[in-house]
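Enquirer: Each chain, written out:
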Amino acid sequence: MSGMRIKDAGLIDPSKPIKFTFDGKAYSGFKGDTVASALLATGIRVFARSFKYHRPRSVWGAWSDDPNAIVDIALDGISYPNCQATTTALAEGMEVRSINAWPSAERDVKGVLDLAHRFLPAGFYYKMFMWPDWHLFEPMIRKMAGLGTLEKEVSDQFQSAILHEHCDTLIVGGGPAGLTAARVAAEAGKSVTLVDDHAELGGSLFSMAHARGLNASDWVAEQTAAIQSAGGHILTDTTAIGVYDHRMISLVTDRGLGTAPILRKMRADHVIIATGAIDRPVTFVNNDRPGIMSVDAGTEYLARYGVRVGEKIAFLTNRPDVSTNLEQLAAAGASIDIVEAATPHIQAIGTKSITGLVVGGKSISCDTVLASAGQTPLVHLWRHAGGKLAWDEDRQTFIPSAGPDWMRVIGAAAGTFDFDVAVQEATAVALKAPAPPRSIYKVTPLRPDLANKGRQWIDFQHDVTLKDVALAHRENMVSVEHLKRYTTLGMAGDQGKTSNIAGLSAMAELKGQSIPEVGTTTFRPPFVPVPLEAFRGTKRDRQMAPLKRLALEPEHRALDAAMGEYGGWLRPAWYGGDDEKTAVVRECKIAREAAAIMDSSALGAIEVIGPDARDFVNFVYYNTMSNLKPGRIRYGFMLSESGLVFDDGVMACVDDTRFIISCSSSHADAVMAHLEHWRQDSFDPKRVHIHDTTVNWSTVTIAGPKASDIVAELGVLENLRDFPHMSLRFGDFEGEEARVARVSFTGDTSFEISVRNDFAATLWRKTLEIGKKHGAGPVGAEALTVLRAEKGYILVGKDTDGETMPHDLGFGAPRLKKSAAFVGDRSLHSEKANSEARKQLVGLIVKDGEPMLPIGAHIVRNKDGKRRSLGYVTTSHYSPTLGRPIALALVEGGEHAMGEPVDLWHLGQARSAKIAASCAFDPEGARIDA
Amino acid sequence: MTRHYSALSLLREGLKGHTGWAPLWRSPAPKDTYDVVIVGGGGHGLATAYYLAKNHGVTNVAVIEKGWLGGGNTGRNTTVIRSNYFYPESTALYDLSVRLYEGLSRDINYNVMFSQRGMMVLAHSDAEMELAARTVNAMQLGGADAELLDGKEVQKKAPVLNFRDDARYPIHGAIFQGRGGTGRHDAVAWGYARAADRLGVDIIQNCEVTGFLIEGGVCKGVETSQGLIRSGSVGVATAGHSSVLAEMGGYKLPLHSYALQAFVTEAIKPFMDTVAFSPMTGSYFSQSDKGGLVIGGGLDRVPSYGQRGNTPTQETVLAGIIDMAPALAKVKLLRHWAGIVDVSPDSSPLIGPSGTEGIYINCGWGTGGFKAIPAGGYLFAHLLANGAHHDISRPFDPGRFNTGHLIDEAAGSGIAH
Amino acid sequence: MQQFPCPFCGLRDEREFHFAGEAGKTRPDTTKEISDADWTTYLYYCTNAKGPSREIWVHTTCQEYFVMTRDTVSMEVLSTEALNEDAA
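Chains as they are written, first to last, in our numbering: chain H, 1 to 930; chain S, 1001 to 1417; chain A, 2001 to 2088.
Hint data in this document are derived by calculation from the structure and do not stem from the laboratory.
Possibly wrong hints are sitting among the right ones.
As the list claims (entries may be wrong) - Pulled a few chain A residues facing chain S out of the computed Cβ check, cut under 7 Å:
1. Met2001
2. Leu2011
3. Arg2015
4. Phe2019
5. Asp2036
6. Ala2037
7. Thr2040
8. Tyr2044
9. Tyr2045
10. Asn2048
11. Lys2050
12. Thr2072
13. Val2073
The beta carbon of each residue, even a glycine, is placed where N, CA and C say it ideally should be.
Please put together the full structure from these sequences, using the hints given.
Expert: And the structure:
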């Protein structure tokens, strides 16, 4: 018989039974159990199957160092893959399923794979499956691999939170050393946070207190009370998973299966690592068999969960300090054998559960082996922080040496395995004093027995054996990282917590070197596997990239607007609840026959103010702005320093010291950053100031043949005399300043009226009311893009690409004539900028009756049976005004090819068209100032 | 000793306990002089050495590696192989790479596990579908395979993706390249190293270059931690550390070094058969043969030579992954790390003379160096052997920054690198 | 998460900052003749130092550009200063 529950032992609550199933059979455990302790208590040994050979797997450890007991668990109808049975708190109704096993872990049909092991050495797949092609074999290999199963269901409530916290002193680990350090630091007046990954503080104390005549729970309670009364903060179920730059430690608080954990980003001035140490496996034949566990696991299961893991227990270890473990298990009724671990030729007997050991030819009958080849301090966080390690020959392990001054390691994590010394050390370190000397602790080196016949496991989950390490050695894969990557040693769920030193030890033996000469691998976060959800925080759904909202959104919704995302803004796409096509045709007609009433508030509005404002705008614009008169508006481009079109739009001159830049709605933030960059780089910041007013103003645009009538009736301006296209005036609306700009993005007479946001709704309604009498109505973004396309007006980013310069868009003059310096100027004269082969913006016309050209279709030239791309269609619409399709395209040499036919290619289909001017409607511009 | 790899040799060795396998490579001491010294024992450096020997008969070659071979970005990337580029120059380069990858395992007798499971670049709006069509057409015209998938076709290929109505970034379709996929990154380094070693190339690990031997303005070799090594010409393929070598070699580069993070989850039974990338979140993932999800995203925000990642980018990338495939919220992160990538002004590589005579450079691959290893090695070997460009590498000469002939994919096609 | 000291606002999370280039670059006078090579050097070439590096950063919340010297390996911030001496 194997595991059983011992009465009155452990920290579990026997009054609270919890029902669960494992591989379909019903069991029960108690509150305080982990899935592993509950299963062990029922006598179950085989929890899962290993990755490669499908060997039966039980537990090796009692906590996060266990590589074996991985299970899928369903709770409340949602399944969670790859749960560590040893750390998952048992909950009512859990359906636990073994992984990598069918029909069950106990009877897995793929167990036969173990027989083929000799043909499946480390990296066997690198040596075969090349002919005819890897892709033929891959699906089979993939099916064999993998552990748990992912099911698609996920609860909307499975939501993490990311918190930002700070303390003077963070102590990681609530065992004897950590508790002591936390108490001393808190009592010294520090703001202290103590974290421990268990639900119960105490760490290794539970398995050692008994022998020290202490009551562990009482001692823990005393320290806890002292810490809290001194103002210390304690977080249980919380694991420090990684240390990041600038002293940030990520902490993950587990909230039980089915609830997403909380991620705390803790910044501490001083960090004390008291994470303890774990046993490492002894390398011998069949050392992976169920029933072979770590020494500490044996006592942890008893002390924490009241589970005695076996009846006849053999201790196989070089550790000098296991007497307390022996005594506790003996007191719980187990019979104990002590086996000299350094004996050659040790072998385990039994398949699904161990039945004995053969040691030096002698058989020992046992149902459980508690093994340890020495303790490995958990120094992950120290290494994340850049701390160094040194080999300690006495302890046969790596312990922290030099490292950052803000982090200290104490207790077993520092190799201080003795309770009393650890407490002294914790006290000293908490007060930033030098640590006392460690007491003598010497273990006999245990090197793998290379001559032992049979397979000896190094990595339990990944089925890496000593033979695999030997193969790596033979093939000159001797660097630690090559060994790891080639054999996959240390790459399993436990990330080498149990296997790394065993692997190094094996390689050292093979090379005839010492372990430190072989080296160590890098420790990477996270310390334990963490659900991806933990890192998501508020970056979910609409909060992920929040949309900008218009002040007039309720007005648009009241008009049955279809709302769409345009350049980060939620804007009305069309109105009236029709389908898009019908609505766009109707709105285009309104715009051309009466007037479009549009919400243009999303357009950027950036003010440039100050004595040097004029010089500044002249510098940041491609076009000459130095001679723009007050009250006038000019269209222009901003370029990047590499000469590419960065943004386009109009700029108004209010007076010599004030200019208002209007930029693409999606671009306002980038333009603002661009302007600030140049202001601070090349100007005196005291003489020019930039202010983004986009979100403070709302703009209603009235554009169309009836626009003047409507604006006149609105009464914002006293009269519209001497108010030509491309000029600016200030009027008032309801007693507040209203800015009126005569600019047009449709080609018709157009007024943009800007008012403070709180007057926007009134202006909008009044404009609609007056407009209605003239046949005008609201027009959305979709119709607007057709109207502007009819005129050949571009949208930067849509009708330009990463090569477009202003002279490709028909604006060549400033490049040749502007004498003042401007951003991007010199780049406009590179070999490429002067090249004949540039793509220029043109219009495309299709033959009568042919459908629209698809956007993204390429203009191609056939040469020697090969098509070469000359450019592509950037914009394409059906123009209700013209009654035919229109298109804009960037075409190599396009400006010199007016009227020429071109071939197009789209997803395998050929089309043809004719190059035309980009402006298809009212090319004389008669309507713009009508 | 068994040198040739095949199912038969594996069977034979299996019967005798795998005791006869030859080492993958020797560990020679450096000679005094080589015809070519390659600095950097990553994928590009090793592939260069292999093609120098194989294509050009130049076998007196040393590859000098500071640490262990394949330990830089070759061993740190997310293993994606693709040629879904916009400009014909890029398509020619990366498609050469895909073609070489297609025959690589047989060519070097080492299974690099090139899995042509396809790569999809998702489109999340009508406007993105238009851009996707533009790219698909460009790829087809450039000679690479490409398809435009609609939402339903994407769902069929990758049912785990987010097809909920309330998705922040609904899936309208995707650019799909069927010949794209993933490879086993370490195997590429090991396979090239083994093949180069067989052809006589000396691979010298744990040997750090500390300076260049410059005589009369011409590079005549390298100073290393294992002594002076003279060389006819020197090829530098050190990715994120290219600027450090440039400083030693007296030439300048237009590069910034950034940490690029990668993430791997615990192993899951197969559920994802392709690579999926979302340009809106910048995140992408595939499932490795072992079962772990391999996740990547954009660069860290802070220029860095520290080979570790920082939390803001982690959160952005992983949140993006969950938005792409909500079920992945439950899957656990096992390990994350970073490589140092060298990002050029147009995010395209630099292959050509360095500016110091005798030194040639292969760098600036940014986030996309792994997929280009065979082409990078093939073209760099051509350059080192002939002192002149192959047609495919010519547009990537560093001189393009003087002439303005940049190859800026990000701006051209909306595909992030 | 790194933290940078903005000379105007104090210590803030790295997410509030943007890297804007290496310090010490001066825009050539483009009203005069400049060779392609000189323009390209100004535009693209950089030291990309491993170790201490003097850089221009912008604190996006206050929009001020400043000089930050930091170690690109250890990520230690060595100093920050305003771009214009009298601006702070």
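Enquirer: Does the interface hint hold: is Tyr2044 of chain A within less than 7 Å of chain S, judged Cβ to Cβ?
Expert: Interface hint status for Tyr2044 of chain A: holds (4 Å vs cutoff 7 Å).
Enquirer: Can the hint on Val2073 of chain A be confirmed by a CB-to-CB distance to chain S that is less than 7 Å?
Expert: Check passed: Cβ of Val2073 of chain A comes within 5 Å of chain S, closer than 7 Å.
Enquirer: If you take the shortest Cβ to Cβ gap from Phe2019 of chain A to chain S, is it below 7 Å?
Expert: holds (6 Å)
Enquirer: Answer holds if the nearest beta-carbon of chain S is closer than 7 Å to that of Ala2037 of chain A; otherwise answer violated.
Expert: holds (6 Å)
Enquirer: Would the hint on Arg2015 of chain A be counted as holding, given a Cβ-Cβ threshold of 7 Å to chain S?
Expert: holds (5 Å)
Enquirer: Double-check Lys2050 of chain A for me: the hint is only fine if its C-beta lies closer than 7 Å to a C-beta in chain S.
Expert: holds (5 Å)
Enquirer: Is the hint on Asn2048 of chain A kept, meaning its closest Cβ partner in chain S is under 7 Å away?
Expert: This interface hint holds because 4 Å falls under the 7 Å limit.
Enquirer: Given Leu2011 of chain A was flagged as interface, is its beta-carbon under 7 Å from a beta-carbon of chain S?
Expert: Cβ of Leu2011 of chain A sits 15 Å from chain S, so the hint is violated.
Enquirer: Does Thr2072 of chain A meet its interface restraint, that is, does its C-beta lie within less than 7 Å of any C-beta in chain S?
Expert: Holds: closest Cβ of chain S sits about 5 Å from Thr2072 of chain A, inside 7 Å.
Enquirer: Tell me if Thr2040 of chain A is really an interface residue toward chain S, meaning its C-beta lies closer than 7 Å to one of theirs.
Expert: At 5 Å from the nearest chain S Cβ, Thr2040 of chain A passes the 7 Å test, so the hint holds.
Enquirer: Is the interface hint satisfied for Tyr2045 of chain A? The criterion is a beta-carbon contact with chain S at less than 7 Å.
Expert: At about 5 Å, which falls below the 7 Å cut-off, the nearest Cβ of chain S leaves the hint on Tyr2045 of chain A intact, so it holds.
Enquirer: Have a go at the Asp2036 of chain A hint: is there a Cβ in chain S nearer than 7 Å to its own Cβ?
Expert: Holds, because the Cβ-Cβ distance from Asp2036 of chain A to chain S comes to roughly 5 Å (cut-off 7 Å).
Checked against the numbered hints listed earlier, the structure breaks hint 2 alone; every other hint is satisfied.
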